[in-house]
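Given chain S's structure and the hints, the job is docking chain G onto it.
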Amino acid sequence: DQQVKQNSPSLSVQEGRISILNCDYTNSMFDYFLWYKKYPAEGPTFLISISSIKDKNEDGRFTVFLNKSAKHLSLHIVPSQPGDSAVYFCAASARNNDMRFGAGTRLTVKP
Amino acid sequence: DAGVIQSPRHEVTEMGQEVTLRCKPISGHNSLFWYRQTMMRGLELLIYFNNNVPIDDSGMPEDRFSAKMPNASFSTLKIQPSEPRDSAVYFCASSYSGWDTQYFGPGTRLTVL
Numbered sequence: 026d027q028q029v030k031q032n033s034p035s036l037s038v039q040e041g042r043i044s045i046l047n048c049d050y051t052n053s054m055f056d057y058f059l060w061y062k063k064y065p066a067e068g069p070t071f072l073i074s075i076s077s078i079k080d081k082n083e084d085g086r087f088t089v090f091l092n093k094s095a096k097h098l099s100l101h102i103v104p105s106q107p108g109d110s111a112v113y114f115c116a117a118s119a120r121n122n123d124m125r126f127g128a129g130t131r132l133t134v135k136p
Numbered sequence: 034d035a036g037v038i039q040s041p042r043h044e045v046t047e048m049g050q051e052v053t054l055r056c057k058p059i060s061g062h063n064s065l066f067w068y069r070q071t072m073m074r075g076l077e078l079l080i081y082f083n084n085n086v087p088i089d090d091s092g093m094p095e096d097r098f099s100a101k102m103p104n105a106s107f108s109t110l111k112i113q114p115s116e117p118r119d120s121a122v123y124f125c126a127s128s129y130s131g132w133d134t135q136y137f138g139p140g141t142r143l144t145v146l
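First to last, the protein sequences are chains S and G. Numbering-wise, the first sequence is residues 26 to 136 according to our numbering. Numbering-wise, the second sequence is residues 34 to 146 according to our numbering.
If we strip away everything but chain S, and leave its shape as in the complex, we get (with noise of 0.2 Å):
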């Protein structure tokens, strides 16, 4: 069962523009979503979270975006980089519960 979908296998955007990565969750239980960054032959490092209490959160060039309504989220990133090429995963919990991830989306950004 696939709680959390990512279903853009791939993105591609030029450098300086924004970056919208997105995200869909089927479990209304769900209150913490995380987004994680993956170099190749590396872990995946944490990048931005948002509780279910919010409907935004910004670092930096990296903002998440909460719909709960539509159980779904997203990350943009402004201005893209060409060192933001990675694969970016969501990641869902329940508190004291598993945490689900997606399959991830890899991102190019292009000089």
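Don't take every hint at face value.
To be verified - With the Cβ distance kept under 7 Å, some of the chain S side facing chain G (calculated, not the full set):
{"no.": "1", "residue": "Pro-65"}
{"no.": "2", "residue": "Gly-68"}
{"no.": "3", "residue": "Phe-87"}
{"no.": "4", "residue": "Ser-118"}
{"no.": "5", "residue": "Met-124"}
{"no.": "6", "residue": "Gly-129"}
What the hints assert, rightly or not - Over the 10 Å line for every Cβ pair with chain S, so calculated as not near, a few chain G residues:
{"no.": "7", "residue": "Ser-40"}
{"no.": "8", "residue": "Thr-46"}
{"no.": "9", "residue": "His-62"}
{"no.": "10", "residue": "Asp-96"}
{"no.": "11", "residue": "Met-102"}
{"no.": "12", "residue": "Ala-126"}
{"no.": "13", "residue": "Trp-132"}
{"no.": "14", "residue": "Phe-137"}
{"no.": "15", "residue": "Gly-140"}
Source of the hints: derived by calculation from the structure; they are not laboratory data. We treat Cβ as the ideally placed atom computed from N, Cα and C, and that holds for glycine.
Chain G alone, transformed into the frame defined by chain S:
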């Protein structure tokens, strides 16, 4: 801090052999997680320890898989016997407490021929 340490980084073995993957979590972290990443299924949680005790092993695919955490600084994931479909990257992660932000190791790429 060295971060989460996993060994080996790469493992190639033949079907039927026993495979043991190792993990050293970040010192002071109380929770440890084993994940498997495949192209088809993405990142899947296999098992989760809290204070060295297995809390949720519902993600362990079969009885061929077992995991132990004998102390706070070491965990193993064992596959016996291994099969080609076990080929994947296996990640260990640790967190300060439960489902807080997890820190991942570099992963072990397992190839079963």
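Hints, one by one, checked against the model:
1. A cut of 7 Å between beta carbons decides the hint on Pro-65(S): the least distance to chain G is about 11 Å, and the hint is violated.
2. Hint on Gly-68(S) holds. Least Cβ distance to chain G is approximately 3 Å, under the 7 Å limit.
3. With 7 Å as the threshold, the beta carbon of Phe-87(S) stays out of range of chain G, its nearest partner Cβ sitting at about 15 Å, so the hint is violated.
4. With a least beta-carbon distance of about 5 Å to chain G, the hint placing Ser-118(S) at the interface is held under the 7 Å criterion.
5. Taking 7 Å as the C-beta contact cut-off toward chain G, the hint placing Met-124(S) at the interface holds, the least distance being around 6 Å.
6. Given hint, Gly-129(S) at the interface with chain G, holds; its Cβ is 6 Å from that chain's nearest Cβ, closer than 7 Å.
7. Remark: the non-interface label on Ser-40(G) is consistent with the geometry, its nearest Cβ contact in chain S lying 13 Å away (cut-off 10 Å).
8. Every CB of chain S lies more than 10 Å from the CB of Thr-46(G), the least distance being 20 Å, so the non-interface label holds.
9. Chain S leaves His-62(G) outside its interface by the beta-carbon criterion, the shortest separation being 13 Å against a cut-off of 10 Å.
10. Annotated as non-interface, Asp-96(G) keeps its C-beta farther than 10 Å from every C-beta of chain S; the closest such distance is 20 Å.
11. Residue placement check: Met-102(G) keeps its beta carbon more than 10 Å from all beta carbons of chain S (closest about 17 Å).
12. Against the 10 Å criterion, Ala-126(G) falls within the reach of chain S, whose nearest CB is about 7 Å from its own CB.
13. For Trp-132(G), the requirement that its beta carbon stay farther than 10 Å from each beta carbon of chain S is not met, with the minimum near 5 Å.
14. A beta-carbon of chain S comes within 10 Å of the beta-carbon of Phe-137(G); the shortest separation is about 3 Å.
15. For Gly-140(G), the requirement that its beta carbon stay farther than 10 Å from each beta carbon of chain S is not met, with the minimum near 5 Å.
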